[in-house]
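Undergrad: Input sequences plus hints: build the corresponding full structure.
Chains A, B and C, in that order, are what the protein sequence lines are. Be aware that the first sequence starts at 1, since it is given in my numbering, and climbs by one per residue. Be aware that the second sequence starts at 1001, since it is given in my numbering, and climbs by one per residue. Be aware that the third sequence starts at 2001, since it is given in my numbering, and climbs by one per residue.
For the record, the hints were derived by calculation from the structure and aren't laboratory data. Glycine included, each C-beta is placed from N, C-alpha and C at the ideal position. Treat the hints with caution; some may be incorrect.
Unchecked claim - Now the in silico label distances, taken between C-beta atoms and shown as ranges:
{"no.": "1", "chain 1": "A", "residue 1": "Ile-70", "chain 2": "C", "residue 2": "Glu-2468", "range": "55 to 61 Å"}
{"no.": "2", "chain 1": "B", "residue 1": "Leu-1279", "chain 2": "A", "residue 2": "Leu-25", "range": "57 to 63 Å"}
{"no.": "3", "chain 1": "B", "residue 1": "Thr-1073", "chain 2": "C", "residue 2": "Glu-2487", "range": "29 to 35 Å"}
{"no.": "4", "chain 1": "A", "residue 1": "Trp-151", "chain 2": "B", "residue 2": "Leu-1109", "range": "39 to 45 Å"}
{"no.": "5", "chain 1": "A", "residue 1": "Ser-162", "chain 2": "B", "residue 2": "Ile-1036", "range": "54 to 60 Å"}
{"no.": "6", "chain 1": "A", "residue 1": "Leu-241", "chain 2": "B", "residue 2": "Asn-1034", "range": "27 to 33 Å"}
{"no.": "7", "chain 1": "C", "residue 1": "Gly-2463", "chain 2": "A", "residue 2": "Ser-167", "range": "27 to 33 Å"}
If you want the building blocks of each chain, they are given just below.
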Amino acid sequence: MVRYDSTSLKLNKLAKYLLLVGVILSVVVGILVFTGSQTVSGLLSEDSATENYVKGILIAAIGSLVTWIISFLIKSYAKLVQDTADIRNGVPVFTGKTVKEKPLLQRMSKYWGFYLMFIPVLIFVLVFHYAPMFGIQYAFYSWKIVGDPVWVGFANFDKLFSQSQFSVSFWNTIEFSVVKLLLNTGLAVVISLLLNEMISLKFKKLSQTIIYLPHFMSWVVTASVFSLMLSPSGNGLINQLLIKMGIIDQGIYFMADKQWWRVWYYIINVWRETGWQTIIFMATLTSIDPGLYEAASIDGAGRWKKMCYVTFPALANTIITVLILNLAKIMNLFESVFVLQNDSVRRSTNVLQTYVYYQTFNSGASADYGYTTAIGLFRSLVGLVLMVICNFASKKVRGRGIM
Amino acid sequence: MAKNAPIEYVTPSGVKVTPPAHINKPKSQITVFNIINGIIFVIVCLIILVPIWKVLVDSLDLTAGYGMKLIPTKFGLDGYKSIFTNKSLLQPLWVSVYTTVSGTFLGLLLSTMGAYVLIQWEMPFRTFFANMLLVTMIFSGGMIPSYLVMRAIGLTDNPLGPILLPAINVYNLVLMRNFFEGIPKSLFESADLDGCTPMGAFWRIALPLSKAALASIGLMFAVAYWNDYTNFKLYITDRNLYNFQMKLRDMMQSSDLPEAVGGATENTIRNACVITAILPFMVLYPFLQKYFVKGINIGAVKE
Amino acid sequence: MKKLVAMMLALAISLSLIAVSAFADDTIKIVMMVDNTILNQNNGRDAIEARWEELHPGFDLEIIQPDHSAYYDVLQQRIASGDLPDVVLLSSTYYADYAAAGILWDMTEAWENSKTKNSGRFTGDTVFEGLKINGKLYGFAPTRGNGCVTYVKQAWLDAVGMEAPTTYDQYIEMCKAFVEKFGTYAISAAGFVGNEAPFVNYLPEFYQDAYPYFVQQEDGTWVDGFTLDNMKAALQRIQDAVAAGIIDKETLTNKTSDARNKFYDDKFGVFTYWAGTWATNLKTNLEAKNLDGTLVALKPLEGLPPYYDRVPPMWCITAKCANPQAVFDAFIDTMLDGGDTQMLWTYGAEGVHWSKSAGTVLAGTEKEATYEDGQFHMLENLETAGTLYTKNHIDPMLALATFADGYYDPKEDSVKPEAKAASELFNANSRLASIVPATPVLSELNGDLTMIKSEIIADIALGTITVEEGYARFAEEGLELSNEIVESLNAL
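TA: Set out below in structure tokens:
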């Protein structure tokens, strides 16, 4: 029953067609390259021995993605036009004739103060984030820093995908970060809720101070303390405890065992990061209007009901925001894995970044900056896809995304 | 702000009530739940403290070695002494303090202003700005281009570099926006009707109502600035501009060398460095904490 | 009118300044980049710079010294922005890479004609042969790279009533006696195999002649040392030693600091670690715990090859340098001049880092010492009170040239006896770890191969698989990679 604004409709149509054409074009070019059409692949890279199927898939994927982003931007602009029209005209939109849109400038002039306020943010973002982005082009070059960059097309990506351990380390990255993210956030929420229920203010403050301490220990120090605690010898606190409790009769070398390593990896991460994450949830909890709790009490709601109907809904927004924002950084996993690895478990616990690190370290040469950039771009694209999917899911379920 | 004025609430079932005065006071009833809750936290805190205790004990033990100890075998402050008697410690400490203070202030300013603009849902180009910020979370130009930009604008070997660069943090900005979103729109609308400029409403409504958020986001900025190491090592080569964190790492590195050992073993100094890095926030946190434990009664402000 | 005068005056001043700087421009500026191996700004680096300029009139030295962990990042940033330094200190990997890229000045000829090489004091000809790439020299190393020797605690030897071993059998007997007597392991290390050349330096007695990396045989062909029978024997020895409790099984997860802390805690008695100043460091740390700090540095056991020497970092002149020969003569050729400049690079600046005039150092502490006029002594650290400087860039024990006849060499007075003994033993019993050329195939495949090898070594050492099973795994997953790399090396 919604009456559409004409500009908004046009824009939406444009976005739809653009997406259709863009995706079809990308896929067609991708298939052409895939099947080895010499002309197309010749255009893209002259002398790299890139395997065609990788290039084909990449072209299709990147092409689709780019058009999707553009159409997304157009659509969001269309929505904005629609919304402003709706709001200005109030309900009559449903019945009236085509509503004449106020010119953009006039609408913008209402917000001049806000634009002014956004200028500093804009400058910082442009200078520190957008200006260096010209560097992304190096993903398609081979560049040892010394000498000039050499155009290699998709050779860097090809190299990355053809690494024998690529898929193992790729899936490890996803697994480690997703499990870690869910565990940390979930436990942080639970801890925040429990802290919130605590009646002794002194103990509450003390607990808060203690649980956020581990965040200040560097990963190197964390790893060395935990490798001592997990030692199979008489020094290993955890093994000693398990032996005393009669659960095991001989120390387990946890860090040398491929299964145990993962378990402890998650535990150590929870130890270090959960407390820190509670800060943001605690802040959200304290901004809940106390009146709501009181009202709920009067309504006869118990602790559990208050948690379900007052506390949790207030937290949900923050939880989802934190989860989705962290998805963007999901592929950056490096240090926490790196410091805990050893020769015995390395091949089965490598994540993308550690794998690439060892590749370079043992290559007998310094890193190729182009290759490093290509990996960075690949990581960004994976992060983007995950974030967009989750944001989309959030929109479907809650009716809004994170921004 | 009329804090003591009677407040009306609408309960989920739609009944309007004015709560009796005593209900505003926290209940101090001890229930089974509270006891279990307390026990859980005692256990959680103990688990968290064990590894930190190990570092603390080793930093105070002149014979600190490989194993775990409950108390130092040979107590001594030489580890800390060798850090704090270092003659070039003052300058890095000062650099850390002023980058942290000014950076946190700038970071908070940018995050709150950006966040405040992003809750203007009907503002043309709002979504565009929001997406523009999100993109920077995902894509980055890389180490070399960042350096080239920093150099071009004269921020290498310049203490402004490590202050300005981390001041824009989209993650914090989005969280801040989340908090602003919780402020009732009616407050801004009435301010607008009163002829308040956007900036005025920002100072008078958005900021005072977000103390908990400011404290937590501010803390995140402060910690990031205090612990900053990457930006200093990449953009600063002049040792007079090193911050405390760089200096501590330097000391840890040189505790490997025989002559730097002094009265304590290398291990004692290393552990003392770790504890020293934590110290400032152990001191600072209790002051910030009051903003985390006390909720703000928006209803009261509304009156 | 006043304004005009002021403007004229300003113009005149700036013009004259330009003129002055133009005339003064016949000094040669040397921008050098170095890691933390020279004393830093907080430790009197300016005095070193001033002293160097005083010794070399006509040159202006500018030192860039980034943080040690970001050294190569900063170097790359500078190169990318066109700010290449004139002289730069490089590790072997970057040295080989940059030489291949043609940005390093070929100093073969300059070196052949140099004063240092022809001084008669230079002792590093074999080291320099190892630094050449296809017969060409692109860098200069003032010192050797140093390596590890095996230290045994004298107190432990006394406790079991044994002498320092000279053969492998005696060595194992000693370790077994230690295990029995002290109820702990005899040896610990950081990793069953190192992660960079020379790989086997922490457990040389067990690896013996085996080497898990590519080696060039006498006929010039390359072979993967991991596939040879002596490696299988070595891995069997390690497995047996771990099973017998001689080697700490946590060697797998030990970091170097863990291994050191265990050694200081008297958890084990035989430690293969760096020669030189580390001998002193081990001793002082043991004594800090009221343990006997006397350590016996073992000569390589009978029939075993000498210890491995690392490839040292090298000073290179870049293509950016306008006058490479002049910089070579002034900067590089004087570094080991046997006189004042060598003194500066070895011990620092007189009056700041060391002194020959009468005085007392560390007054009021237990280490207080008074020196007469003319007596060489190191001065107190500017940063850390209570400690003395030990050296500048050149470690006196590793220097590749002695001081000139008649020039006073303070080595005898400044170097601790245990460090000197360990160093001399190492220098007399070491060989340079060979540089393996990086072929494209090696660069691509060696990462995977190394991880497979390390995993197999770790699993065999811990006894989770037998040597046969380990090699079966290698045949399945690594052999192909290994063969491809060997092929590419032999095709060079």
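Undergrad: For every hint, state whether the structure bears it out.
TA: Results for each hint:
1. Range check, A:Ile-70 to C:Glu-2468: about 60 Å between beta-carbon atoms, so the 55 to 61 Å window is met.
2. Separated by about 60 Å at the C-beta atoms, B:Leu-1279 and A:Leu-25 satisfy the suggested range of 57 to 63 Å.
3. Separated by about 58 Å at the C-beta atoms, B:Thr-1073 and C:Glu-2487 break the suggested range of 29 to 35 Å.
4. Checked against the hint of 39 to 45 Å, the C-beta distance between A:Trp-151 and B:Leu-1109 comes to roughly 43 Å, which is consistent with it.
5. Between A:Ser-162 and B:Ile-1036 the beta carbons are some 55 Å apart, a value that agrees with the proposed interval 54 to 60 Å.
6. A hinted range of 27 to 33 Å holds for the C-beta pair A:Leu-241 and B:Asn-1034, which are about 28 Å apart.
7. The hinted window of 27 to 33 Å between C:Gly-2463 and A:Ser-167 holds, with their beta carbons roughly 31 Å apart.
Hint compliance for this structure: hint 3 is the single one not met.
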